[in-house]
Amino acid sequence: MEAVQGITKTVTFQAPVLCQACGGQGVPPGVKPERCRHCGGLGMLSMNKGFMSIRSTCPHCGGTGQFVSKLCNSCNGSRLVKGQKTVKLDIMPGVDNNETLKVYGSGGADPDGTHPGDLYVTIKVRQDPVFRREGANIHIDAVLNVALATLGGTIQFPTLTGDVLKVRPGTQPGQKVVLKNKGIKTRNSYSFGDQYVHFKVSIPNKKEMTVDH
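Counting from 419, one number per residue, gives the positions in the sequence shown under the working numbering.
The hints are simulated quantities; they were obtained by calculation from the structure and are not laboratory data.
Heads up, the beta-carbon is just placed ideally off N, CA and C, and yes, glycines get one too.
Warning: the hint list may mix true and false statements.
Stated by the list, open to error - Result set (DSS-like, lysine-lysine): computed pairs, CA atoms no more than 30 Å apart in a straight line:
| # | residue 1 | residue 2 |
| --- | --- | --- |
| 1 | K600 | K618 |
| 2 | K584 | K600 |
| 3 | K427 | K600 |
| 4 | K520 | K542 |
| 5 | K600 | K520 |
To be verified - The following label-pair restraints were derived from C-beta to C-beta distances:
| # | residue 1 | residue 2 | range |
| --- | --- | --- | --- |
| 6 | G424 | G481 | 42 to 52 Å |
| 7 | S474 | Q502 | 32 to 42 Å |
| 8 | Q574 | H533 | 51 to 61 Å |
| 9 | T572 | L519 | 12 to 22 Å |
When you get a sec, could you build the whole thing from the sequences and use the hints?
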C-alpha cells in the first residue's frame, strides 16, 4: 500500500563527505599553502622549442600554483572521506518496482564544496499477498460460496477504496467485475487505473454436502 499511496522514507548510505578533521581544506589546521617553487605560483610551466612556447599544467602542484608541506592525516589532502549520509525521500503515489528516483544534490560531496553529486535510488516494491499489480491496474481474487454466487449479496472484501463488495445473483466461476478508476494513480496525471475482481466459487465436496438424519 505504500507504493500505492506514496510515503516518505529515510535512507542512510555511504558516500564521500567533507573531511571534518581539516574542515575540507586538505591540510591540518594552521598549515598554510605555500607558493609552488616550480611554477612560481602560476600553475603552468612553459617550455620553449625553437620559435614555439609550449605551456602545460605544473605536475608538482596540479595547476593550483600552491604547495603544502603537510597533508591532513584523515583525508591525505583529498578533502573528502567516506562517511554516512541520511536523506528523506518523498515517494510519489503509484511508484513501480525497479523505478529509479533521482535526488538532485544529495549524493557525494564535491571537494570544492560547491557541486555535490546526485543520489539515485532504485525502488523495490514487495509483492502484496492479496493484490496483483499490472501497471496502474490492480487484480484480486474473491472466493464465493455457492449460495452467495447464486443469490448475490455483499461480502467484506479488501479493495483500495473500501471493504464492501456487491455480488450480483448468478455470478459464475471465472467471472470478473471491473471497478473503474479504483486502481493506482497514474504518475504525472490525474487518472487512475482500474481494479479487477476475479470471482472463484467454492463448490462443497460430497462429505460437506452430506446431511445427517
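Hints, one by one, checked against the model:
1. K600 - K618: holds (21 Å)
2. K584 - K600: holds (15 Å)
3. K427 - K600: holds (25 Å)
4. K520 - K542: Holds, because 15 Å separates the two Cα atoms, which is no more than 30 Å.
5. K600 - K520: Given that 30 Å is the threshold and the Cα spacing comes to 29 Å, the pair holds.
6. G424 - G481: 42 to 52 Å: holds (48 Å)
7. S474 - Q502: 32 to 42 Å: Between S474 and Q502, where Cβ atoms are some 40 Å apart, the hint holds.
8. Q574 - H533: 51 to 61 Å: Hint holds: Cβ distance 55 Å, inside 51 to 61 Å.
9. T572 - L519: 12 to 22 Å: violated (40 Å)
Of the numbered hints given earlier, the model fails hint 9 alone.
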